[in-house]
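Chains A and B are the protein sequences, given in the same order. The numbering of the first sequence is the numbering used here, which starts it at 1 and goes up by one. The numbering of the second sequence is the numbering used here, which starts it at 103 and goes up by one.
Hints were generated in silico from the structure; no laboratory data involved. Treat each hint with caution, since some may be false.
[Claimed, not checked] Per the computed footprint, the stretches of chain A lying under chain B, defined by three or more beta-carbons under 8 angstroms from a beta-carbon of chain B, are:
no., region
1, 31 to 43
2, 51 to 62
3, 67 to 77
4, 80 to 94
[What the hints assert, rightly or not] Lysine to aspartate or glutamate pairs mimicking EDC-like chemistry, simulated, CA-CA at most 20 angstroms apart:
no., chain 1, residue 1, chain 2, residue 2
5, B, 247, A, 59
6, B, 230, A, 52
7, A, 10, A, 28
8, B, 230, A, 59
9, B, 229, A, 59
10, B, 191, A, 55
11, B, 191, A, 59
12, B, 230, A, 55
[To be verified] Negatives, chain A to chain B, calculated, CB over 10 angstroms:
no., residue
13, 9
14, 10
15, 11
16, 12
17, 28
18, 46
19, 47
Beta carbons: idealized from backbone N, C-alpha and C, even for Gly.
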Amino acid sequence: MSKQKDDPEKIEVVLFKSDTCAFCPRAEEVVRETIRDFGSDVFTLRVVNVSENPEAAEEFGIFALPTVMIGGMSVTGIPEPDMLMKMVLGIKVMTKRKVRSK
Amino acid sequence: MSDHAIERVKTGIPGLDELIEGGFPRGDTILIAGKAGTGKSILATQFIYKGATEYNEPGVFVTLEEPPHLIKRNMIRFGMDLDKLVAEKKIAIVDLSPSKEVTPVTIGEYPSFDLSGLEAIILNHVKKLNAKRVVLDTLSIMAYKFRSRDILREEFFKLTASITRTGCTLLLTSEIPANDQGLGVFDIEAFLASGVIVLYNEKISDTSRSRSIEVLKLRGSKHSSRIHSMRITDEGIRVWPEEISPGT
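So here's chain B without its partners, still in its complex pose:
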């Protein structure tokens, strides 16, 4: 290994590390983009779960969309018991989902705000757990929560920088709207991240769909330029590096 070798963070997704030189570059921001139902949240949660259970890296999962009880229920079917890790203080699930009853209803927004509240909430958990991994699921929800897109764009840059400055590797998920050609609702998602991974679940015949994964960019890494088969198995997401997706 040379002095300039980039330290890699194992993704915890079987088969994915082989496409990206062994893992995500430590301290980078990685965007996981895909349309609804492509497996973004499962991949991101698996990254946190495996980080804590296999690589001794505590993680903070910030949910802006799905309530924690549903995330836990979804993951237990893959044998991933998130409650146990929360109890052991190996992970934190930060509930910022709209389902929280005490969240006030926003009746006005003036274009003079920042996201220092979100930053403080996340950094508080990072510090408490000495976390090495952070997930923000999903960035897209912010587009519906706030109208001032210009402010959000600038604030996203500040937020991702302040999280990765702690040494954490940050995964952001972004939902690609149906019939959209971009990588999310803000058009800047790809700029925010030094790595972009896109998940697909394309119809390949009248009766079937095929899941696949593409590493669109990963700065500082030689990565596969093909679209590879991916499946959601009983043990979570798995990628077949030798298999090129039949749907593309």
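If we strip away everything but chain A, and leave its shape as in the complex, we get:
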């Protein structure tokens, strides 16, 4: 699930939210703004509403909301853009290494 099937070059950012979570709307804003700053060709955003899809939260063991998952890493709470940047850069470095090692 880390990348979209239709575009394997894009990094998938997953935001887990719920209908009752008071912090989730702000977290979604921060994530969308950060992605916009990077350029939309780099990312795809998948928003998972746990109230509608609790199985997805169970699959990934996500208890706390909001949680942003990028690759195998996650942050809980309203993330600071810097933290998201670090995660994204980490994923990009890892992806490049994988490509080189092939």
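Using the hints provided, position chain B relative to the given structure of chain A.
For chain B alone, kept in the frame of chain A given last:
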């Protein structure tokens, strides 16, 4: 029985119901506290197993610590086949243990979150099975998973309330750290619950230990104030209500 009699939920632990007026009050939150190795998880699993097999009460067992395959392996030695009950949709074992490979590594936490994810996961299973019993094993693991204790405390209250609102009787287990005098790592475990049961496995001589159980509180119930002998037998946990523990 008077109009105000509290409906009781049979615990499925032989001997325990006799100490607590016939069972846990239905819809209450009960804390099972004890140090490592005292039998908390066995007691909680037995509550779910017996609920499904003897009292026609489906149950949801949420494991935050031990992976399901180990829980199943541990219980089969008591003749309790959890896989069979899962297949029959009488119980659900919800794996939220750290051993899950797909769980992302948390690299940051900001003090602006709630536990509505955990709530949605649990309530989904409660609804699907029409469950009457829920176990959360163990609450203590949350202290290691999240740093923001104040948020966790508030969220625990919300979580326990939303589970019991469905009519389920909720058992929480809590590990008492070694050399600790409290009932868990949060210091609020006892407030969360209307009932508190403590398990002991005390050294009584150089060569032996003695297991025992104490009903520390159970709101709305007359309960024993003694510490009673308890054993882990081939058929699971058993309490001897007439026997006072030699270790205390």
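**OP:** Starting from the hint list further up, note which numbers the structure goes against and sort them upward.
**Re:** Result: hint 1 breaks, nothing else.
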